[in-house]
Amino acid sequence: MSLGDFVSCTEETKVYIVYLGEHNGDKTLKEIEDHHCSFLHSVKGTTSKEDVRTSLVQSYKNVINGFSALLTPQEADMISGMEGVISVFHSDPNSIKPHTTRSWDFVSLLEGTSLINSGEELPQNGNYGEDIIVGVIDTGVWPESSSFNDKGMGPVTKSWNGTCQEGVAFNASHCNRDVNGHGTHVAATVGGRRVANASAIGGFAKGTATRGAPNVRLAIYKVCWPVPNKTLAQGTACLPDDILAAFDDAIANGVHVLSISLGSLPIKTYYTQNSIAIGSLNAVKRNIVVACSAGNSGPTPSTVENVAPWIITVGASSIDRVFSSPIMLGNGIIVEGETVTPIMRRKLHPLVYAGDVEITGTTTSKTKGKCLPGTLSRYLVRGKVVLCINSRSNRQASMEVNRAGGVAAILGNPFNENEIQVTPFLNPTTVAYLDGLNTILMYIRSEKNPMATLLPGKTLIGTKQAPVMAHFSSKGPNAIDPNILKPDITAPGFNILAAWSEASSPLKIPEDRRVVKYNMQSGTSMSCPHVAAVIALLKSIHPDWSSAAIRSALMTTSTTNNVVGRPITNATGNDGNPFEYGAGHFRPSRAVDPGLIYDATYTDYLLYLCSQNIRLDSSYNCPKKVPAASNLNYPSLAIANMRGSSMTVRRVVTNVGKDNSTYVLAVRSPPGYVVDIVPKIFRFSKLAEKHSFNITVTAQSSIVSRNEFSFGWYTWSDGVHMVQSPIAVLSSA
Numbered sequence: 001m002s003l004g005d006f007v008s009c010t011e012e013t014k015v016y017i018v019y020l021g022e023h024n025g026d027k028t029l030k031e032i033e034d035h036h037c038s039f040l041h042s043v044k045g046t047t048s049k050e051d052v053r054t055s056l057v058q059s060y061k062n063v064i065n066g067f068s069a070l071l072t073p074q075e076a077d078m079i080s081g082m083e084g085v086i087s088v089f090h091s092d093p094n095s096i097k098p099h100t101t102r103s104w105d106f107v108s109l110l111e112g113t114s115l116i117n118s119g120e121e122l123p124q125n126g127n128y129g130e131d132i133i134v135g136v137i138d139t140g141v142w143p144e145s146s147s148f149n150d151k152g153m154g155p156v157t158k159s160w161n162g163t164c165q166e167g168v169a170f171n172a173s174h175c176n177r178d179v180n181g182h183g184t185h186v187a188a189t190v191g192g193r194r195v196a197n198a199s200a201i202g203g204f205a206k207g208t209a210t211r212g213a214p215n216v217r218l219a220i221y222k223v224c225w226p227v228p229n230k231t232l233a234q235g236t237a238c239l240p241d242d243i244l245a246a247f248d249d250a251i252a253n254g255v256h257v258l259s260i261s262l263g264s265l266p267i268k269t270y271y272t273q274n275s276i277a278i279g280s281l282n283a284v285k286r287n288i289v290v291a292c293s294a295g296n297s298g299p300t301p302s303t304v305e306n307v308a309p310w311i312i313t314v315g316a317s318s319i320d321r322v323f324s325s326p327i328m329l330g331n332g333i334i335v336e337g338e339t340v341t342p343i344m345r346r347k348l349h350p351l352v353y354a355g356d357v358e359i360t361g362t363t364t365s366k367t368k369g370k371c372l373p374g375t376l377s378r379y380l381v382r383g384k385v386v387l388c389i390n391s392r393s394n395r396q397a398s399m400e401v402n403r404a405g406g407v408a409a410i411l412g413n414p415f416n417e418n419e420i421q422v423t424p425f426l427n428p429t430t431v432a433y434l435d436g437l438n439t440i441l442m443y444i445r446s447e448k449n450p451m452a453t454l455l456p457g458k459t460l461i462g463t464k465q466a467p468v469m470a471h472f473s474s475k476g477p478n479a480i481d482p483n484i485l486k487p488d489i490t491a492p493g494f495n496i497l498a499a500w501s502e503a504s505s506p507l508k509i510p511e512d513r514r515v516v517k518y519n520m521q522s523g524t525s526m527s528c529p530h531v532a533a534v535i536a537l538l539k540s541i542h543p544d545w546s547s548a549a550i551r552s553a554l555m556t557t558s559t560t561n562n563v564v565g566r567p568i569t570n571a572t573g574n575d576g577n578p579f580e581y582g583a584g585h586f587r588p589s590r591a592v593d594p595g596l597i598y599d600a601t602y603t604d605y606l607l608y609l610c611s612q613n614i615r616l617d618s619s620y621n622c623p624k625k626v627p628a629a630s631n632l633n634y635p636s637l638a639i640a641n642m643r644g645s646s647m648t649v650r651r652v653v654t655n656v657g658k659d660n661s662t663y664v665l666a667v668r669s670p671p672g673y674v675v676d677i678v679p680k681i682f683r684f685s686k687l688a689e690k691h692s693f694n695i696t697v698t699a700q701s702s703i704v705s706r707n708e709f710s711f712g713w714y715t716w717s718d719g720v721h722m723v724q725s726p727i728a729v730l731s732s733a
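Per the UniProt record's numbering, the sequence shown runs over residues 1 to 733.
Subject to a maximum C-alpha distance of 20 Å in a straight line, what follows is the list of computed PhoX-like cross-link-like pairs (lysine-lysine):
| # | residue 1 | residue 2 |
| --- | --- | --- |
| 1 | Lys97 | Lys268 |
| 2 | Lys347 | Lys458 |
| 3 | Lys44 | Lys14 |
| 4 | Lys347 | Lys448 |
Keep in mind the hints are simulated off the structure, nothing from the lab. The structure displayed is predicted, hence computed values, not measured ones.
Please model the entire structure based on the sequences and the hints provided.
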């Protein structure tokens, strides 16, 4: 069914997903579809078999048992009460959205290791991801990109159960064509060939485009589509029933890792009615590791997405690269700006503030000076540099200055942020920080004939402390269950260069007719594939590790410090916390040898769901006494609304380091609490040996704040490994 058909359905009839669990393997494909159609027959009365099958949109036949169909709300409600039905929910095309070079070198730098050696050591040890299949669920791919040149690669791995088994080269006829660019960017970050002299428009970020796992096999599943009568920049629809179908196919195809840079703000029915949560649980049961983006709704609290504990949830942070494009004022003062847009010649032009050159009556006190479409006077703007007070990198403001005849735009960021998200504007434009905005405004107000020019931009490496949490990266606490700390980890997702679809343009708007091979993007969509690539390498090195073991290795070896050893900050310059970066910024080479892991099984996740009064597997019965959610064997600890003065939870660690090792505990209790862990020393005699310990958190009533979370850490160390876990605690009133 096409998206056009989807959105043209009557208001009464919509596409609903009916989730039935998983197949038991005793039915043929025809029997499965007949069974699905039987539900439709029962609610559509005397409708013919042909009409019933016409209403069937998707029939999930591989692993996931369910279907999607055109139903009225009344029919959907009737099916929800039928035997064997776990959940029924609307496949809302507006519910799930995409979360939209130097980054891998920066990751090596953050690990405190040599860029010459460390950048290659992990990929080499992981055979560059050879024979590991990473599924990318997104907008498709542009297969002609140089990043996907498959020359020199051998036959497709035998574990692949999809098409192209004969090992032929991938080409347009085999692939889900990407007309957006998002999916191509994501896929090229995970895997692909080295490409020399790759750069954004104007030569910015020029260098060798490298990927995390160059030899992984990429399986592309297209679930996102252009919205009729809208530009790509205005929105892309990712259909939940297509997403569930992609999971079903990916599991059957034999993928090892799934990278999903899509999501939606979770609601109360998240576990039973979110296709990513449901699909990923089925994947994790089969030891497929699922990495998802955390969302781009930050810095507002409780906006983190993809919060299921079986998902590795990835926030976004910056790298140490700046695209410097200073503004020179007529008095010689230089104001720092950033852009990846080719700049005008070095010549001074009259400088005006947008609020002084607007068409009367087109703005209000709240919109004054923002360069909104149709607000600037051609008579007053022509031939001038215009200062717009606009949030971050607004392409509309730049285009409005150009429409009115301005020679260049300066976008002054009114937020106190120390990072600038660059945009490949169509016209000469740079973005200034808040202090620079104030400097320019003061100059305009104090100078009779203010002048300015934008100086040519440069790509600068290592000139700032990084990482810094991106302002857009969604934050905790987890809105569905704050007893599971999310996000899990952070990775590079700010101003990332990767391959782009030549069927799209850098800005994804009709006015932009440029065709590029590489493009700069920011978002947790970009950080997620960084982690997925490392997961692929870890799977190659440790094929017997579970999904939970890999998450544990990534989290407990991460760092909360930047490249100069100071705490990671957020975009406003304040110290970050686990609700922003989870356990910290990932350090891939250290995750290979974490020492200890916190493992969990599919059954553990079903038991966790019992604590949420949810049953997603009809074969599993919840015990009479259900452990609290905080007892899930997770690499972090969150206790929300702690009742009483204390609470005790249990954790189990497994030795994956070396024989005859001793681990000693260190604790930094959250302010207002005392954390006591027993025992405080572990002695392991062999690999795979397990030890359990109890964590008791006690509130200090005279100190604790009862309306906000408090953060701490506990660490196990044998002198070589540092196995660190964050703590977040909130007492109830």
